[in-house]
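Engineer: Could you build all of it, start to finish, from the sequences and the hints given here?
Protein chains in written order, with my numbering: chain A, 8 to 568; chain S, 221 to 401.
Worth flagging that the hints you see were computed from the coordinates, not collected in a lab. All values reported here derive from a predicted model rather than from experimental measurement. Beta carbons: idealized from backbone N, C-alpha and C, even for Gly. Treat the hints with caution; some may be incorrect.
Claimed, not checked - The list that follows gives simulated cross-link-like pairs (lysine-lysine, BS3-like), each with its CA atoms no further than 30 Å apart:
id, chain 1, residue 1, chain 2, residue 2
1, A, LYS504, A, LYS312
2, A, LYS124, S, LYS363
3, S, LYS363, S, LYS253
4, A, LYS124, A, LYS82
5, A, LYS435, A, LYS542
6, A, LYS82, A, LYS231
7, A, LYS446, A, LYS435
8, A, LYS443, A, LYS542
9, A, LYS334, A, LYS542
10, S, LYS396, A, LYS124
11, A, LYS228, S, LYS396
12, S, LYS396, A, LYS82
Claimed, not checked - Output of the computed footprint for chain A on chain S, the stretches with three or more beta carbons under 8 Å from beta carbons of chain A:
id, stretch
13, 225–237
14, 302–314
15, 387–395
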Amino acid sequence: MANVNVVINGIAGSVPAGTTVLEAARQLHVDIPTLCDHPAIQPIGACRMCLVEIEKQRTLQPACTFPVSEGIVVKTDTPATMNARRFVLQLLFSERNHFCMFCQMSGSCELQTQAYKHGLDSWRYDRAFPVLPLDATRQYFIMDHNRCILCRRCIRACDQLVGNATLGLKHRGANTMIIADMDVPFGESSCISCGTCLQVCPTGALIDRASAYLGATAEVKRVKSTCTHCSIGCGTELVMRDDRVIRIEGDWTAEPNHGLICEMGRFQPLNDKRAPVTKPMVKEADGWHETSLQAALERVATNLKTGKVTTVVSGLATNEAAQIIAKRFPGAKQLMEGQAPAVTSSPLKDMDAADLFIVVNTDVAHEYPVASFAIKRSVHLRGARLYLVGDTGDSMQPWTSRSIQEAQIDALLPIIEGAQNPVIICGKKGEALAMKIAKVVTGIKIVDLAPAGNTMGLVQAGIRQQFSANGFDTCYILAAEAQDAPQELLEACAQAKFTAVQASYKQPWMDIAQVILPTPVSHLKCGTFVNFEGKTGVVNAAAACNANGEAQVLEQLANLL
Amino acid sequence: MAKVSVCMNWLDACAGCEMSFLDIDERIVELLKHVDLLSTPITDLKHPPVGGCDVGILSGAVSDSHQEEVALEMRERCKILIALGDCAVTGGICTMRNFFPLQSVLNRAYVESESNAPGQKVPNAPEIAKLHQQVKAVDQIVKVDIYLPGCPPPADAIWYVLTELLAGRTPVLTDKVLTYD
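Structural biologist: Right, here's the structure in full:
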């Protein structure tokens with residue numbers, strides 16, 4: 008689109024026609040205060056904080072929704088705009104409970120920041136003190152309507168980014184309330200607890216139970232990392248205070264997720280209630296005992312040197328750990344969760360251009376939630392169609408045009424051929440059928456997701472075989488925080504002469520192992536991962552990269568072999 | 221030049237603002253060269269002189285009939301009234317009870333509380349001040365000239381406001397001296 012000339016606060020510039028005044032101002036490095044605006048979602052002009060003077064306009068206009076036109080002259084910091092913004096803030100503070108001194112968001116709140124910026128030293132209007140509910144029906148975060156300023160960021164994030172469209176409004180004016188579905192408790196709604204609304208909320212209306220009151224913006228540092236709980240490998244920001252991770256957020260600047268993460272990546276790691284492995288443990292005749300790392304490593308090394316050894320590695324392990332195992336460990340090396348995709352996968356970003364999705368034999372909403380967000384928003388906002396083939400679970404049903412059995416696939420082929428940009432989404436179980444479809448429909452894209460976070464990295468390191476009980480009598484398992492060990496593995500280890508496990512949590516390993524070595528969980532370790540697209544992500548819990556990290560323990564063990 | 225006369229009092233307050241005032245530390249010596257502290261809640265004289273004073277400082281919200289009288293008296297007798305702290309400025313933490321009916325607040329405190337002996341009643345002796353239905357900020361009762369929010373306001377903010385006034389300027393709070401918590 009052609010560029011137009013704009014003048015903002017006397018600064019001349021040229022921006023594409025159709026740009027909003029707010030975007031144009033940002034390009035010219037002019038700061039316009041905002042509250043309801045968020046870079047990742049569409050502006051709606053709800054809060055009126057960004058009111059500016061525009062020549063030839065009768066009244067002040069919201070910068071976030073007003074498109075520039077040729078020769079537009081804007082002033083952002085006149086007495087009229089400042090007074091209007093103070094008026095807006097005065098109204099916001101008078102409506103609900105915006106007393107900072109007992110709010111967990113104080114110090115991180117955008118409403119508070121704007122009030123400071125505008126020198127609000129008192130409140131002009133009487134307060135309404137409406138009695139509003141607090142919804143604590145969700146496991147990980149709370150909705151306190153008393154702190155809500157009705158900016159609707161949560162609604163727009165749920166709608167436009169996640170495509171889940173759980174949130175909405177009821178009533179009008181000051182009585183407006185954020186609701187879930189047809190006004191049911193949030194915990195009983197279609198909410199999938201991805202926490203995107205929590206991440207975009209500018210005030211204390213959405214409260215993270217785990218990190219509330221643990222640290223305001225100035226007291227925490229943010230460390231960029233990568234989520235390893237599925238093979239999408241979302242970019243995250245670890246919010247840390249005193250070297251402890253208090254919260255995990257999505258990184259807005261990261262490919263492939265652009266700020267989104269899911270329940271599995273945001274909440275579960277910090278709410279894991281399983282008993283952790285804190286010290287090296289050995290099993291003696293009278294039960295389990297804690298021991299020194301050196302003693303435990305020596306016992307493992309003695310067994311690895313003599314037995315028929317197999318090492319089983321979880322996809323939660325880093326590349327660095329995998330390389331040590333691949334190069335320096337004896338015997339066979341196997342993948343705990345299964346093999347890498349046989350197909351070179353299309354990147355996740357191709358899904359946002361698709362007009363037809365075929366999900367094959369994969370429960371995408373549970374196994375790869377962030378990929379399911381791309382499907383949901385495409386169906387919800389762009390009118391793309393979704394077909395489910397085979398065993399796909401039922402979470403995607405509301406977005407689905409049709410579910411079919413694998414045997415009926417031929418009926419689907421004409422529909423796929425008629426689409427402009429069809430994309431197949433599958434995991435290991437759907438791969439064969441996906442390849443069959445790709446043979447018929449040329450040019451179709453396949454997003455083939457690996458079975459575990461770092462399966463691709465393990466394969467690159469040289470660990471390629473899927474686990475199978477190959478008659479080993481000695482087993483080393485790098486389990487990290489894996490929850491679902493294959494039954495076959497547990498049974499084989501129970502039969503084996505010796506099993507050592509490097510794990511973050513005690514179970515189920517205490518039932519089958521003779522030695523358990525501690526290892527940090529994903530958000531506390533350092534190293535690199537490779538996602539399903541083949542991109543390398545850095546896992547970096549800065550302060551937690553200690554001497555006894557995952558790869559360091561393996562290095563010490565390898566030195567004894 | 222004659223010293224500036226200052227009177228202080230507290231309403232529905234926790235004394236945190238007064239602690240913060242004392243946190244100006246040794247600067248209080250410098251302050252007292254320019255200021256006469258006539259009445260405060262922690263000195264012998266509790267009431268501002270009938271003849272009036274230059275500056276009145278009130279902390280705390282207005283929650284009952286007694287506090288309202290204190291606020292009215294201070295306003296009547298001072299030229300410049302400072303609302304010190306969030307409770308005086310906005311009602312602050314005291315307004316938590318505004319989300320509940322007054323009777324249920326009293327019952328909760330005097331009757332239902334786990335630590336109360338059975339059969340307790342809400343006291344209603346005539347000499348006890350009557351709680352207002354709603355807790356209010358000082359400026360909802362009397363005119364306030366200078367607002368100094370904060371819970372409590374930082375000592376530097378209190379120092380800044382007093383020294384600006386002594387210099388004959390109207391203090392304008394920004395940056396580090398403007399805080400709500």
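Engineer: Each hint: holds or not?
Structural biologist: Structure-based check of all given hints:
1. For a cut-off of 30 Å, the pair hint linking A:LYS504 to A:LYS312 stands: about 13 Å separates their Cα positions.
2. The hinted pair formed by A:LYS124 and S:LYS363 meets the criterion: a straight-line CA distance of about 25 Å does not exceed 30 Å.
3. A hinted pair counts as satisfied when its Cα atoms are at most 30 Å apart, and S:LYS363 with S:LYS253 qualifies at roughly 29 Å.
4. Restraint check: the Cα-Cα separation between A:LYS124 and A:LYS82 comes to about 18 Å, which is no more than 30 Å; the hinted pair holds.
5. For the given pair, A:LYS435 sits about 19 Å from A:LYS542 by alpha-carbon distance, which is consistent with the 30 Å threshold.
6. With a C-alpha separation of about 37 Å, the suggested pairing of A:LYS82 with A:LYS231 is violated against the 30 Å cut-off.
7. Pair hint A:LYS446 plus A:LYS435 holds up; C-alpha atoms about 18 Å apart against a cutoff of 30 Å.
8. Between A:LYS443 and A:LYS542 the alpha-carbon distance is near 26 Å, which keeps this suggested pair within the 30 Å criterion.
9. For the suggested pair A:LYS334 and A:LYS542, the alpha carbons sit about 22 Å apart, so the restraint of at most 30 Å is met.
10. Restraint check for S:LYS396 and A:LYS124: the C-alpha separation of about 11 Å stays at or below 30 Å, so the hint holds.
11. For a cut-off of 30 Å, the pair hint linking A:LYS228 to S:LYS396 stands: about 21 Å separates their Cα positions.
12. Proposed proximity of S:LYS396 and A:LYS82 is supported: the alpha carbons are some 28 Å apart, at most 30 Å.
13. Coverage of the stretch 225–237 of chain S by chain A is violated. Counting CB-CB distances below 8 Å, 0 residues qualify, and the rule asks for three or more.
14. Proximity of the stretch 302–314 of chain S to chain A, defined as three or more residues with a beta carbon under 8 Å from a beta carbon of that chain, is established by the 7 residues found.
15. Using a Cβ-Cβ cut-off of 8 Å, 4 residues of the stretch 387–395 of chain S lie near chain A, which meets the minimum of three, so the contact claim holds.
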